[in-house]
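Chains as they are written, first to last, in my numbering: chain A, 1 to 117; chain B, 1 to 291.
None of these hints come from the bench; they were simulated from the model. For glycine and all other residues, C-beta sits at the position ideal for the given N, C-alpha and C. Check the hints yourself; a few may be wrong.
Below, computed lysine to aspartate or glutamate pairings styled on EDC-like, alpha-carbon distance capped at 20 Å [stated by the list, open to error]: (1) A:Lys-64 x A:Glu-29; (2) A:Lys-50 x B:Glu-209; (3) A:Lys-26 x A:Asp-57; (4) A:Lys-50 x B:Asp-27; (5) A:Lys-64 x A:Asp-28; (6) A:Lys-50 x A:Asp-3; (7) B:Lys-52 x B:Glu-67; (8) A:Lys-50 x B:Glu-210; (9) A:Lys-17 x A:Asp-90; (10) A:Lys-64 x A:Glu-82; (11) A:Lys-50 x B:Glu-212; (12) A:Lys-17 x A:Glu-98.
Non-contacting residues of chain B with respect to chain A, defined by C-beta distances greater than 10 Å in every case (computed) [to be verified]: (13) Ala-14; (14) Leu-24; (15) Ile-29; (16) Pro-146.
Covered by chain A, per the in silico footprint, the following chain B stretches (three or more residues, Cβ under 8 Å) [what the hints assert, rightly or not]: (17) 161 to 171; (18) 191 to 204; (19) 207 to 221; (20) 268 to 277.
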Amino acid sequence: MFDDRSPIYLQIAAGIKNDVLSGALKEDEQVMSTNQYAAFYRINPATAAKGFAQLVDEGVLYKKRGIGMFVSPDARARLRAERRERFFADVVEPMLAEARRIGIDLDEIIKHLGTRR
Amino acid sequence: MIELRGVTVRYGNAVAVHDVTLRLPADKIYGLLGRNGSGKTSLLGALTSYRKPAAGTVLIDGVEAFENPAIARRTAFIRDTLDLSETDRISCAFRLAGRLRPSWDGAYADRLLDLFQLDPGKRVSALSRGQKSALGVVLGLAARAPLTVLDESYLGMDAVARTLFYREVLADYLAHPRTIILSTHLIDEVADLFEQVVVLDRGRVLLHEETETLRGRGYTVSGPAAAVDAFATGHAVLGEQRLGGVRAVTVDGRLDPAEVARGEAAGLAFGPIGLQDLFVLLTSQPLEASR
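So that you can see chain B by itself, here it is in the shape it has in the complex:
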């Protein structure tokens, strides 16, 4: 279990993560979602003890994580810098990982290199953005760390590489269950892998839920403007569109069959929305409305 208690991350006067409290039970795949600048990387830095929070604590299985070597060995945090020296060859990075981590699986790392078509003799500086991301995924997965955190690891990857990446995360998780946290804003592509999602908005946790609970949350209502307006009163409206006399609103919440029947009788049409749309609507609200 990972526990964040009142974690705040600050850069000078700027607050990147504001008083975040989270409980993440072990051995699940989590999605950390948020717009650029929402504090994802800062939160992950604190969660993996790469960064000391300005306030608050991180506990792993009840033990304070910061500057705890036993926990550090069991944590793999892959961020875009890869924490490698540009002149290192991939094979050298692997040797280093093997020395630092008791759980490192060298044979698996080699298989993944093949999968992503990376040449172990290449230097980090010679890799493209997408290849660097793929190397990050290899280092992250082959570490087989009980806490594996991949921060926007899809950056620069083409659609094929991303598909291989998602497939490999799931396959390796099934074979070796552990806590995996992926941060992303490409929700449509990976949501099926997440057991739970945490949505960050301007440094705060906007929601933390089972992914399945979020599917089916939110719906659209459209029809004659007057009927839609009447329906919208008393519902949490996330967005609206108008075209002539027709109005469509997106509402937060779950559809109630009785309400649908009444609405349809009044000429309204109801439709579901997807996770990506829900995420966009929830994280594009003005500050006052989201609090």
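One chain only, chain A, in its complex shape:
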């Protein structure tokens, strides 16, 4: 489920963000408790708690005292905006670098993209 090459709490946070982006987790929907999450994914509950704390810090989740954690009402819109900002740097640039390495020129890429319209 998780790999041990990067902190698991970051992998947890990334997974939940993807669920929010895809709509699998709805706004104001309750997320699993840290213990449920730990039991489900077989990880230490402190690790799960750290992942959730990170999401609360980033405003993706909010806490209701004594009840649990919920998806923030604006989480999806904010995550989308963030990812869109990073899309060209994180996705397009590495693709162009690979294209340069293997000798695919820009025209070829544009032509290919045209067929996907």
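Mind docking chain B on chain A? Use the hints.
Frame of chain A, contents of chain B only:
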């Protein structure tokens, strides 16, 4: 809180544990990692007061632990001998555990026996290595002791039994939080359960850290030998490999994005390493380098 202050364990002239000082806050799952002969069992013996250290003290919640019956009742230390008589039947071992320990949960012990497919009528002497280990896990977990220490409890267990063991440790910890220390060198299998790890190397604590902090520590750098050499200067290199003009080194530390960008421009490739690799590299260094 468990506190070890300058604990040394000696067998005659041989020093198994050398001046170890550790603070382990309560109610976490700890992994004690180390190669064979690194002093894991000796350290655990001292920590659980099964063995009097040659020097130093162990305090549990601020109280000296050695020969303290109240602390002994709250401690379960499962080592490979199981501290049972070979002719005892499992059911008899359970009755004894129930008498000695106020926290013993007999119903849970029976459930675990079922899980590991052990017959309560069997004598200890009739159990296989893996079954003995499983019985140890049952005795350790069902004791529900505030300090539960399982020393290499996976020995001889097959992959299925080990998976059940790890699953049960986590499930029971979630239901009944307490301090659990597991010693192992099968890091890949259990690391996800550990909140913190302590790595012993030749009787000394090599590191004591949050497991999460260790994930992402260490990385590989590979590429043309000259470029790798230039990068390696000024970094702590743990290991290296060479194949023709290509060189790969494993470096201790964390990747700095700016450094990665510069390195990639110079033709270097970077990759993460796993916990098991990090452990192997850290505990296979020559003596001078690790101090």
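Honestly, which of those hints from before does the structure not fit? 10, 12, 15
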